[in-house]
Amino acid sequence: MPTPQTPAAGRPDGPAAGGLVLLILRRLRDGIITLALVVAVIFVLTNLVGDPALVYAPVDATDEEVERLARAFGLDDPFLQRFAEYFVDVFTGDFGDSHWQKRPALNAVFDALPNTIMLTLAGIAGAAVFGIIGGIMAGARPGSVFDRVNNLTSVAALSVPNFWLGLLLIVVFSLRLGLFPTSGKLGWSSIVLPAATVAIVHGGRIFQLVRSATVEEMSKPYVLVARSKGFPRRTVLWRHVLRNTGLTTATIAGWEYVRLWGGAVFAIEWVFAWPGIGTLMINAAHRQDFFVLQAAVIIAGAFVVTSNLLVDLMYRAIDNRVKAS
Amino acid sequence: MTGAGTEAGAPPLLEVEDLSVSFNTRRGVVRAVDGLSYTLDRGEALGIVGESGSGKTVGSLSILRLFGLFDDVTVTGAVRFEGRDLLRLSETEMSRVRGGQIGMIFQDPLTSLNPVMPVGEQVAESLRFHTGASRDAARRRTVELLDRVGIPDAANRYHELPHSFSGGMRQRVMVAIAVACEPKLLIADEPTTALDVTVQAQILLLLDELRREMGMALIVITHDFGVVAATADRVLVMYAAQPMEHCPTDHLFQRANHPYTEGLLRLVPRFEHRAHKRLRPIEGQPPALTEPIAGCPFEPRCTHAVDRCAAERPPPVRLGPSHHSACWLAEERARRETAPDKPWEQP
Ligand SMILES: Nc1ncnc2c1ncn2[C@@H]1O[C@H](COP(=O)(O)OP(=O)(O)OP(=O)(O)O)[C@@H](O)[C@H]1O
Ligand SMILES: [Mg+2]
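One line per chain: the protein sequences are D and Y, in this order. In terms of my numbering, the first sequence opens at residue 1 and continues consecutively. In terms of my numbering, the second sequence opens at residue 1 and continues consecutively.
Hints are not guaranteed to be accurate.
As the list claims (entries may be wrong) - With a straight-line cut-off of 25 angstroms between C-alpha atoms, the simulated SDA-like cross-links for lysine to any residue are:
| id | chain 1 | residue 1 | chain 2 | residue 2 |
| --- | --- | --- | --- | --- |
| 1 | D | K185 | D | L113 |
| 2 | D | K220 | Y | G168 |
| 3 | D | K220 | Y | V73 |
| 4 | D | K220 | Y | D71 |
| 5 | Y | K184 | D | R233 |
| 6 | D | K220 | Y | N24 |
| 7 | D | K220 | Y | D189 |
| 8 | D | K185 | D | F173 |
| 9 | D | K220 | Y | G167 |
| 10 | Y | K184 | Y | E82 |
| 11 | D | K220 | Y | V29 |
Simulated from the structure, these hints should not be mistaken for lab results.
Required output: the full structure, derived from the provided sequences and hints.
Printed below as a string of structure tokens:
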């Protein structure tokens, strides 16, 4: 099959396998740089703003204890030396020990990690159903009852803070109706409400974007041409419109997933006491457990970087498939 | 108005009767077509001319009931195609007519094709939908069609996306789509407006050839009297949503009756024009379509208008077997042997 040699198709990272590997390597490099920056910012914040020994020490420590701590951690070494050591530690997986949980900070994070992964995946799946399928159906018939109901829901969901929506769901579905546990992780039904919160808030944003992309696409001249061939609206939508909006749609959903790891999911975890990274971070902060907090922030950062990379690769894969079909 | 004589008993291919189309918009009700009537026989070609906004496109799209998906439209009158009123068909019945019995070509070839679907597939999908042809049969027929409309190396270009085709080539693909199922009627809405002059002529020639080969009737919408002269047997002149004059194409250039037609013809540049015979634009603007018009819509701009013109809408006056003019002065004007102000009639 001849590939059209036009500017649009002749991108540097074409469908060739070599280009793809290069792309992945380049993105990994960017990701590592990003993470290094995150680490650096955390270090600077904890070491330059205030006395690090005070930050790491328990609240009720005496001056003497703080001094001992500082010596033990090598906090009286020169700044740059400490910075370099910290870097090496972090990138070799040594995040320090949790004085609260009396074990390596990383272990505490890894215990919480699967729960956050589970919640983000369940949440984004729900968000995709509401946002993508709902957005397409509403965009295909703007002004219909289906459109109005969903549009209203998504606007409402977007105009309240996500934790507030979580509380609302708890009040209605746990306290009033008693259908689901209010908090914690007690069996499978526990995930329903936090995942629903994610689905409604993030699905709401996906819905808005997908809906307007669909409405815009449906008004294009080629849609009129497709209709002039006799195709009913459904066929026009599936055969023609979705081929054009599919890429945008997948990317929108992917970005929402990245956004979850960037922080959006953590407040929801806290509201439902879902034992994930967000809840861990907040507990660690309360207990002045900075090693755990740092580890959690860096691991979450790693997930942002990785999911960003995956969204990017997915975009390429769909784009190339569309171009090559 | 009736067209050229039809065989006794058999209905004409297309009979548009008192068609009116209005859009309910936020700015009010827009009457885009108001009392349009004409007939078209099998194999016949009708040109529809008129300035921008006169209702040519809406009038033709309403034959196929193709309005914007989100428009609030009211359509009255009748559009009888082989005796069946298309305005009364169900959506399912209508989808057999669209693309199957009536094909349509649009103005802008650059946006008419789906940018992410191979061009061949865009022709083949219509064949498969209407004829139930197998994938292979549809593909073979598509290659033949692409070849017929003048796409070089059609078999290989089948798989290419529209962006690798020029405007003229895309319009050829569009023609292939429209005629794929050998429709009985082809509607071409300004098929050449977006193309450059040499390509325009080629596309018009192609349309004319295909019409003869397939025995299709043709409605061609245009601003350009050159296009009318090249393709149409008869001409319908529209102004402000209403039909003004309807006549055989050769009458148009010799015996145009309506003052509006006359005004339009005066805009056509001619080689015989000397420097002192400047093109004279029609003074004034077309009326807003949101306001009701009591009389003749052209009256405010017409240099011949009499009192009656503003008060009462003139009915179409029959001046010959297929010549009608909606003007109170039609008969009087028809009696003049030659009009003194027709520069194009000079030797
Ligand atoms: N979807 C719509 N909603 C509201 N008004 C419309 C719509 N489509 C067309 N109109 C109006 O109807 C009138 C006739 O439009 P139409 O497109 O038929 O004109 P036209 O003769 O084809 O003009 P052109 O030569 O510019 O293509 C115009 O005044 C236009 O603004
Ligand atoms: Mg038009």
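Item checked: Unmet hints by their number, sorted upward, for this structure -> none
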